[in-house]
Every structure is written in structure tokens, then in C-alpha cells.
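Student: Chain by chain, the residues run as shown.
Number of protein chains: 2
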Amino acid sequence: MNDPGDLRPNEEAVALEPASDATLRFIGTIHTPWRDRKDCPRQGRLDGPECQLVLDPVWHNALAGLEDYDTIEVLYWLDQSRRDLIRQSPRSDGQTFGTFALRSPVRPNPIGTSMVKLVRIEKGALIVRGLDCLDGTPLLDIKPDRCAFSPKAPDKTGGGE
Amino acid sequence: MNDPGDLRPNEEAVALEPASDATLRFIGTIHTPWRDRKDCPRQGRLDGPECQLVLDPVWHNALAGLEDYDTIEVLYWLDQSRRDLIRQSPRSDGQTFGTFALRSPVRPNPIGTSMVKLVRIEKGALIVRGLDCLDGTPLLDIKPDRCAFSPKAPDKTGGGE
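The listed protein sequences derive, respectively, from chains A and B. Just add 50 to wherever you are in the first sequence, counting from 1, and you've got my numbering. Just add 50 to wherever you are in the second sequence, counting from 1, and you've got my numbering.
This is chain A alone, in the form it adopts within the complex (with noise of 0.2 Å):
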């Protein structure tokens, strides 16, 4: 996958020590219809097709409230990207863009984020729309969408802790 002989025209690579700054926990896996890249819609859509985030059992009591969501933000880990690249050509056309002005999966830590439609929560598992990423792909957060949400601790500026 890390082939340098892979690069598209002008793409660049950077040569890299292994990563080991920190270290993440899969929480669970995420269930959609598309079991090849090939597959996969370049966008999420949330009239998309149902997917499924099945949640290791450890984790399900932590979705009291979410329920309260029609818009999740979900994370997951794009575990068949490489991570070396600083310039990619999307269309193979010898144009490349920077890694950071893409939304490709090839980035130096491959996390996904989707905002997704909630459809429903069955125990552990959340029916959601909007997403499109491979069967099988590691979940790794969930949230509430950041412009629904109300932090539920006082204000700052409200008397503190």
C-alpha cells in the first residue's frame, strides 16, 4: 500500500518513521453497503442508503441522550490508506493538490469525519444516513453534531466548574 511505485504523475511522498504519538481504541465497526474503494460514493449523502455502527458492548451505555440528535458526527478510521502522501492528483491528470486541501482518505492519520442522519438506535447499534465509507471500517467516536449541541455545563462566564 506504502509502494512508492503507486504514485500517480507528480505525486510526492514523504519517507516516515513509524507513528507513535498516541494511540487509538477501535470502539466498534461501521456496516455499509460498499465492501470495495471502488464502491464507495466520494461523498456521504443523507439520503444515502442505511448504514449500521455496531458498538463493542462496553461502550453502549454511553448513547443515553443521544437519542436527542437528528445529526451525528461520526469518526472512524480509514484503515486502508496509506499516509505518506503530501501532494495527490485525484483526477491522474498530473494536477495535484496538497493533502490538506482534500478530503481523500490518503492523509498522515486517515480519520474520517461524517456528519450523518441519526434514523435510529437499536440496542448498541445506530441505523444512520450520510455516510461513505468501506463494510467493516473501525469506529472510533460519535458525537452530537456541534451546531445542535448545547454544552450542558454552565457558562464560563456563569460562575465556573
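These are computed hints drawn from the structure, not numbers from a lab. Any given hint could turn out to be false.
If several chains are the same, the list does not tell them apart, and a pair holds so long as it fits within one copy or across any two.
Unchecked claim - Within a straight-line C-alpha distance of at most 20 Å, the following computed SDA-like cross-link-like pairs (lysine to any residue) qualify:
hint, residue 1, residue 2
1, 167, 114
2, 202, 156
3, 173, 79
4, 88, 200
5, 167, 197
6, 173, 68
7, 167, 195
8, 167, 90
9, 167, 196
10, 167, 83
11, 202, 59
12, 88, 110
Place chain B on chain A using the hints.
Tutor: Coordinates of chain B only, in the frame set by chain A:
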């Protein structure tokens, strides 16, 4: 930081093995005006103070093209956060919410995500508004705002890769 004795009333923690599923590489450092967690705003505001994302030099060329975006998504590692809480009590009043129903920094994978205003880029440093994290927070990723971004590759229905 993971001392069970630090729990607020009705909060729930779980015992976990050390995380070991995937490894992150910090790509730079975030500079903000906030040196103590109690000073951080609850949520960033696009009219908040200017903050700086300082990229490690190896990634500077990966910024090419990002200047076209007014709003960018920033991912960072909340390295001060415990990771074992299932239920949290933001108001310390005995009422709890599931971790995934909060945008608290305390979560199994403490990855912060913010949509920020890109003010300018200066030699590998991005000046932005809209963050709420501590000074010195490790940077994980930068992406164009998903709403403003159009995939650069041809549509899948239009003829493949």
C-alpha cells in the same frame, strides 16, 4: 487523571486495557490563548481570538490549495483527557449523559474536531478563528470544510477513477 476517585456523582467509568488498535502521528502544534483547561471556552466561536496551527516542516507542501477555503476542519488530540468514562455529569449535579451524547473532551478516543475560519497562511502556519482547545494541543489533521468542498476526482457514475 484516570483515578476512579475523581468521578463526580453518578458518573460511570469502565476498566479498559491500554489502547492498541492504531497509532497516530502528530503533524504539528496548536497555539491558543488558553493555558489552563478552566480558561478554555466551552465551544469555539468564529469571531473568537486568532489561534495558530503550526505544521511540522515535512507537511508544509501538503497545504497547497487550502488557501481557497474560508472554513476548514481541524482535528486535534485532547491529550489531557481521561478516556474511560461512559456517563458524565457536566454540571456535577448528579444528572449524567452518555459520553457519545456530549462533545466533552473526555471520550474513548479524545479527538477534537472544529470548523474554523481560515484567516491566512504564513509559511507552514495557519492563522484561524474558532478553536477552544488548550495551548500546545497536538494537531492531527486539516481538511477543507465538507460543505465547501467538491470532490476533485470524476464522479463514480461518470467513468471510474
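Student: Against the earlier hints, flag every one the structure doesn't satisfy and list their numbers going up.
Tutor: Numbers 6 and 12, in rising order.
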